[in-house]
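The residues making up each chain are set out below.
There are 2 protein chains.
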Amino acid sequence: MSWATALWDQLENLDKHTQWGIDFLEKYAKFVKERMEIEQTYVKQLRNLAKKFCSKQSKEDEPKFSCCLSFHAILSELNDYAGHREVIAQELGDKLHGDLMKYSQELKNDRKQYLQDWRKAQQHIEQQLKQMESDKKKFEREWKEAEKLQLRYEKLEIDMNVTKADVEKAKNQLSAQLQVVEENKEEYIIQLQSFNEEQRKYFNVTLVQICQKLQEMDERRSVTLGESYKSLGQLEQRVSPAISKCFQGMVNAGKSVDAKKDSEMVVQLYKSGLETPGDYCFEDFSQVSARTRTSSACTINGPKLDGVLPDRKIILGKARIKLSQWKRQVQ
Amino acid sequence: MSWATALWDQLENLDKHTQWGIDFLEKYAKFVKERMEIEQTYVKQLRNLAKKFCSKQSKEDEPKFSCCLSFHAILSELNDYAGHREVIAQELGDKLHGDLMKYSQELKNDRKQYLQDWRKAQQHIEQQLKQMESDKKKFEREWKEAEKLQLRYEKLEIDMNVTKADVEKAKNQLSAQLQVVEENKEEYIIQLQSFNEEQRKYFNVTLVQICQKLQEMDERRSVTLGESYKSLGQLEQRVSPAISKCFQGMVNAGKSVDAKKDSEMVVQLYKSGLETPGDYCFEDFSQVSARTRTSSACTINGPKLDGVLPDRKIILGKARIKLSQWKRQVQ
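Protein chains in written order, with this note's numbering: chain A, 1 to 331; chain B, 1 to 331.
One thing to keep in mind: the hints can contain errors.
Since the list gives no way to pick out one identical chain from another, each pair is judged satisfied if it fits inside one copy or across any two copies.
[Said to hold, decoys possible] Think about it this way: if two alpha-carbon atoms lie no more than 30 Å apart in a straight line, the pair counts; the simulated BS3-like pairs of lysine-lysine are:
#, residue 1, residue 2
1, LYS255, LYS30
2, LYS64, LYS102
3, LYS245, LYS213
4, LYS51, LYS230
5, LYS33, LYS51
6, LYS255, LYS137
7, LYS27, LYS16
8, LYS169, LYS16
9, LYS230, LYS148
10, LYS27, LYS44
11, LYS30, LYS137
12, LYS33, LYS44
13, LYS33, LYS95
14, LYS51, LYS95
15, LYS16, LYS52
16, LYS230, LYS44
Hints were generated in silico from the structure; no laboratory data involved.
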C-alpha cells in the first residue's frame, strides 16, 4: 500500500519515522567507523610486531639456518596479512563510511524539503478552509437576521394596532436583508467551490507526490543499508583468497625447516678439520742419547734400537695433533 | 656429517650455538605471545563493538524493520567472527606458546646436562694426561741422573788415579740408578697404556654419545620450530571456513533487507484507516428553519426544498471525516 493512500493524515508520524531512519543510518555509519578503527589498530599492531622481530633479527645477524629463514618468511607473511586487513580498513573507511555520510546528508536535505512542502501545502489548505467557514458563518448570521425581520413582519401584519406604514417599512427591511443574505450566500458558494477544488488538488496531487517522494526516499535508505551490509561481508570475501595465501605461506615456511640441513650448517660453521688425536707414543729416554732421542712407534715393546723412526703424524698420513695441543687451540 | 665426527673439538662453539638455539626459540615464543595478545585485543574490541550497538538497539526498542533485523544479524555475525578469532588467540596462547615454553625448559635442562657431561669427561682425560706426562718426566729425570752416573763411572774407569773401591762404588751407584730408571719406565708405560685406553674411550664412546645427544637436541629444536610455524598457518586455516560463513552471513543479512516490506511496515504502524476527506457540502441556511437545518447533498444548486437529506457520511458509505477534524486528531 502506498504511503500516499494510507498515510495522507500521518505527517507527524512520517516526520518522526524519517528522522528515525536518518538516525539509524548514522548509527550504522558510526558502527562502520568504529569497525574500521578496530581494524586499523589491528593492522598497526601486526605491522609493529613483524617489524620488531624483523629488525631484531637483522641486528643480531643470525646465521642462515632454515629455522631462521622460515621465521623471516613467517614475519613477511604476517606483514602481508596486515596489508590485506589494511585494504579492508580502507574500504570500511573511504568507501563504506564515506559513502554513508555523504548519503546521509542528501537524505537530510531531501527529507527537509519534502516535509517543508507538505507543511506549506497543509497551511495553505487550512487557510482556505478558514476563509470558507468564515463566509459560511457570515451567511448564517445574515440569514438569522432575516429570520428575525421575517418574524417581526409576520407579527406586524396580523397586529390590528399597527399602521400600514409600519408594515410596509418592516417588509422593506426584510426585503433588503434577504438581498444581503443572497449576496453572502453567493460569496459562500464561490469560496466553497474554490476550497473543494483546492482540497481535491491537495489530496490527489500535492500530497500524493510528497508522500511518494518520502516513500521512495525511505525505501532508498533501506536499499542503501542493505547494500552496505552486503559490502561488509563482500570486502572480506574479496581479500579472503589473498589472506589464505598468507596462512598457506606460514605452513610452507614451517615445512621448509630442515633440521638435518641446519645441523650440517653447524658443522660447516665450526668444524676445525682436525681429526681426533690418536694414541700417545712411548718415548724411551733410556735407549737414546739426549741429543738424538726420538719417539717410539707407538707400540710399547720395551727398549728399542737407536734410530729415527717415522713420525706418528707421517705414519697416520693425516694432520693429527695431541690432546694438549688442541686444548690450547680452543681455549 | 655428524657432530661427533666433525665437532669433537668444538665444545665452546657448541655451547654457544645451543645457547643461541634456546634464545632463538624463546624469541619466537615471545613473538607468539605478542601475536596472541594482538588477537586478544582485536577480539575484545570486536566483542565490545557488537555489544555496544546491540544493547543500544534493544533499549530504543526499534521496530522490526528488515534493515534493523539485518543489522542485528550483522552484529551477531561479527560476534561469531570475534569468537572464531578468540579460538585462534587461545590456541596461540595455550597450545603454541605454552608448549614452546615447556619445551624450552626441557631444552635448557638437557643442554645443561650434556655440556656438563662433556666438561666432566674432558677434565678427567686432562687429569689422566697430566699424570702420564708427570710419569714421563720422572722417567726422563731419572734417566738423566743415570746418564750422569754413567759418565762419572766411565771417567773413573779410565782414570788411573782413582781406587778400585771408588770405581766399584760408582758402578754400584749406576746400577742402582738404572734400577730406578727401569721402575719409573714401567710406571710411565702403565700410565701411558691407561691414558691411551681412556683417550680412545673418550673420543670413541663418551664424546660420540654426548655430541649425538646435542645434535639430536638441536635438530629436535629445529623440528619443533618448524611444526610451530606450520601451526601458525594451520590454526588460521582450521577456523577459516567458519569465518567465511560469518562473512557470507553478513552478505545474506544485506540481501534480506526488503525496502518494500519496510515501507509497508510503516503503513501498518501508522495508518489511521481513514480516507481522505471528500468535498465540503453547501449548507443552505436560507431554505430551512434553524431547528431542522441540514446539509445539502454536496452539490451547489442554490436553494433547496426543506427536508432531511441523507448524511454525507452515509452517502459515501465510508468513515470519512472533515479536514478540520483530522487536523485536531493528529495534533
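Now the hints, each set against the structure:
Taking the closest pair of Cα atoms, LYS255 and LYS30 come within 30 Å of each other only across two copies (21 Å); inside a single copy the shortest separation is 44 Å, beyond that limit. In this homomeric assembly, LYS64 and LYS102 come within 30 Å of each other (Cα to Cα) only across copies, at 26 Å, whereas the closest approach inside a single copy is 53 Å. Taking the shortest Cα distances, LYS245 and LYS213 never come within 30 Å of each other, neither inside one copy (48 Å) nor across copies (38 Å). Taking CA atoms no more than 30 Å apart as the test, LYS51 paired with LYS230 passes between copies only; the shortest distance there is 21 Å, against 34 Å inside one copy.
For the homomeric pair LYS33 and LYS51, the shortest alpha-carbon distances inside one copy (27 Å) and between copies (15 Å) are both at most 30 Å. When the C-alpha separation of LYS255 and LYS137 is checked against a cutoff of 30 Å, the pair qualifies neither within a copy, at 98 Å, nor between copies, at 59 Å. With identical chains, the CA atoms of LYS27 and LYS16 are at most 30 Å apart within one copy only, with a shortest distance of 16 Å there and 60 Å across copies. With identical chains, the CA atoms of LYS169 and LYS16 are never at most 30 Å apart, being 64 Å at best within one copy and 139 Å at best between copies.
When the C-alpha separation of LYS230 and LYS148 is checked against a cutoff of 30 Å, the pair qualifies neither within a copy, at 77 Å, nor between copies, at 109 Å. Within a single copy, LYS27 and LYS44 get their C-alpha atoms as close as 26 Å, and across copies as close as 21 Å, so both meet the 30 Å cut-off. Taking the closest pair of Cα atoms, LYS30 and LYS137 never come within 30 Å of each other, the shortest separation being 57 Å inside a single copy and 92 Å across copies. For a Cα distance limit of 30 Å, the shortest separation of LYS33 from LYS44 qualifies both inside one copy, at 16 Å, and across copies, at 17 Å.
For the homomeric pair LYS33 and LYS95, the shortest alpha-carbon distance inside one copy (11 Å) is at most 30 Å, but the shortest distance between copies (34 Å) is not. Proximity of LYS51 and LYS95 under a CA criterion of 30 Å is satisfied in both settings, with 29 Å inside one chain copy and 24 Å between copies. For the homomeric pair LYS16 and LYS52, the shortest alpha-carbon distance between copies (24 Å) is at most 30 Å, but the shortest distance inside one copy (53 Å) is not. For the identical chains of this complex, LYS230 and LYS44 are neighbours both inside a copy (26 Å) and across copies (24 Å), given an alpha-carbon limit of 30 Å.
Violated hints, listed in ascending order, are 3, 6, 8, 9, 11; each of the other numbered hints is respected by the structure.
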